[in-house]
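Asks: Sequence:
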Amino acid sequence: MTPDAETLDKLCTIIQERKVSAPAGSYTASLFAKGEAEIAKKVGEEAIEVVQASAQGRADRIISESADLLYHLLVLLVAHNIAPGEVYSELEKRMKP
17 MTPDAETLDK LCTIIQERKV SAPAGSYTAS LFAKGEAEIA KKVGEEAIEV VQASAQGRAD
77 RIISESADLL YHLLVLLVAH NIAPGEVYSE LEKRMKP
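Under my numbering, residues 17 to 113 are what the sequence shown spells out, in order.
For the record, the hints were derived by calculation from the structure and aren't laboratory data. Even for Gly, the Cβ is constructed at its ideal location relative to N, Cα and C. Please note that the accuracy of each hint is not assured.
Unchecked claim - Capping the alpha-carbon separation at 30 Å, the derived lysine-lysine pairs in DSSO-like fashion look like this:
1. LYS35 - LYS58
2. LYS112 - LYS26
3. LYS26 - LYS109
4. LYS26 - LYS50
5. LYS50 - LYS35
6. LYS57 - LYS109
7. LYS57 - LYS26
8. LYS109 - LYS58
9. LYS57 - LYS35
10. LYS58 - LYS26
As the list claims (entries may be wrong) - Ranges of calculated distance between the beta carbons of each label pair, as one might list FRET restraints:
11. ALA38 - LYS112: 39 to 47 Å
12. GLU22 - ILE98: 31 to 39 Å
13. ALA53 - GLY73: 19 to 27 Å
14. ALA21 - ASP84: 15 to 23 Å
15. MET111 - ALA40: 36 to 44 Å
16. THR29 - LEU107: 15 to 23 Å
17. GLY41 - LEU107: 30 to 38 Å
18. ARG74 - SER37: 30 to 38 Å
19. THR23 - SER105: 14 to 22 Å
20. ALA83 - LYS57: 15 to 23 Å
21. SER105 - ILE30: 17 to 25 Å
With the hints as constraints, model all of the structure from the sequences given.
Replies: Have a look at this one:
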C-alpha cells in the first residue's frame, strides 16, 4: 500500500474510533450525532467548494478543499460501514490496461 492510501486508512481508523467513543468536542463525533443525512449534505457542500476553487484556478484552495472533501467522504463511508479498501477495489476494477 502506498503512503497515500495508508494516510486515508489511518484517518478512517480515527474516524471509526470517534464514531464509537464520541469524545466531547469532537467535530467527527458531532457529525455522527447529526446523522447520515447531515454527513451527506457536508459531502455535497465540500464538493461544491472544490468546484469553486477550481473555477478560481487556485491550487492551494483546490488542495485544501479536496482534503475537506476526502475527510467528509470517509465519514460518510464509515457511517455506511464501508471500508476504504472497498472503494480502492472498485477503482482497481475500473482501470483499463
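Asks: Please go over all the hints and tell whether each is borne out by the structure.
Replies: Here is what the structure says about each hint:
no.: 1; hint: LYS35 - LYS58; verdict: 16 Å, holds
no.: 2; hint: LYS112 - LYS26; verdict: 28 Å, holds
no.: 3; hint: LYS26 - LYS109; verdict: 23 Å, holds
no.: 4; hint: LYS26 - LYS50; verdict: 23 Å, holds
no.: 5; hint: LYS50 - LYS35; verdict: 12 Å, holds
no.: 6; hint: LYS57 - LYS109; verdict: 28 Å, holds
no.: 7; hint: LYS57 - LYS26; verdict: 24 Å, holds
no.: 8; hint: LYS109 - LYS58; verdict: 28 Å, holds
no.: 9; hint: LYS57 - LYS35; verdict: 18 Å, holds
no.: 10; hint: LYS58 - LYS26; verdict: 21 Å, holds
no.: 11; hint: ALA38 - LYS112: 39 to 47 Å; verdict: 43 Å, holds
no.: 12; hint: GLU22 - ILE98: 31 to 39 Å; verdict: 18 Å, violated
no.: 13; hint: ALA53 - GLY73: 19 to 27 Å; verdict: 33 Å, violated
no.: 14; hint: ALA21 - ASP84: 15 to 23 Å; verdict: 19 Å, holds
no.: 15; hint: MET111 - ALA40: 36 to 44 Å; verdict: 43 Å, holds
no.: 16; hint: THR29 - LEU107: 15 to 23 Å; verdict: 20 Å, holds
no.: 17; hint: GLY41 - LEU107: 30 to 38 Å; verdict: 34 Å, holds
no.: 18; hint: ARG74 - SER37: 30 to 38 Å; verdict: 36 Å, holds
no.: 19; hint: THR23 - SER105: 14 to 22 Å; verdict: 18 Å, holds
no.: 20; hint: ALA83 - LYS57: 15 to 23 Å; verdict: 18 Å, holds
no.: 21; hint: SER105 - ILE30: 17 to 25 Å; verdict: 22 Å, holds
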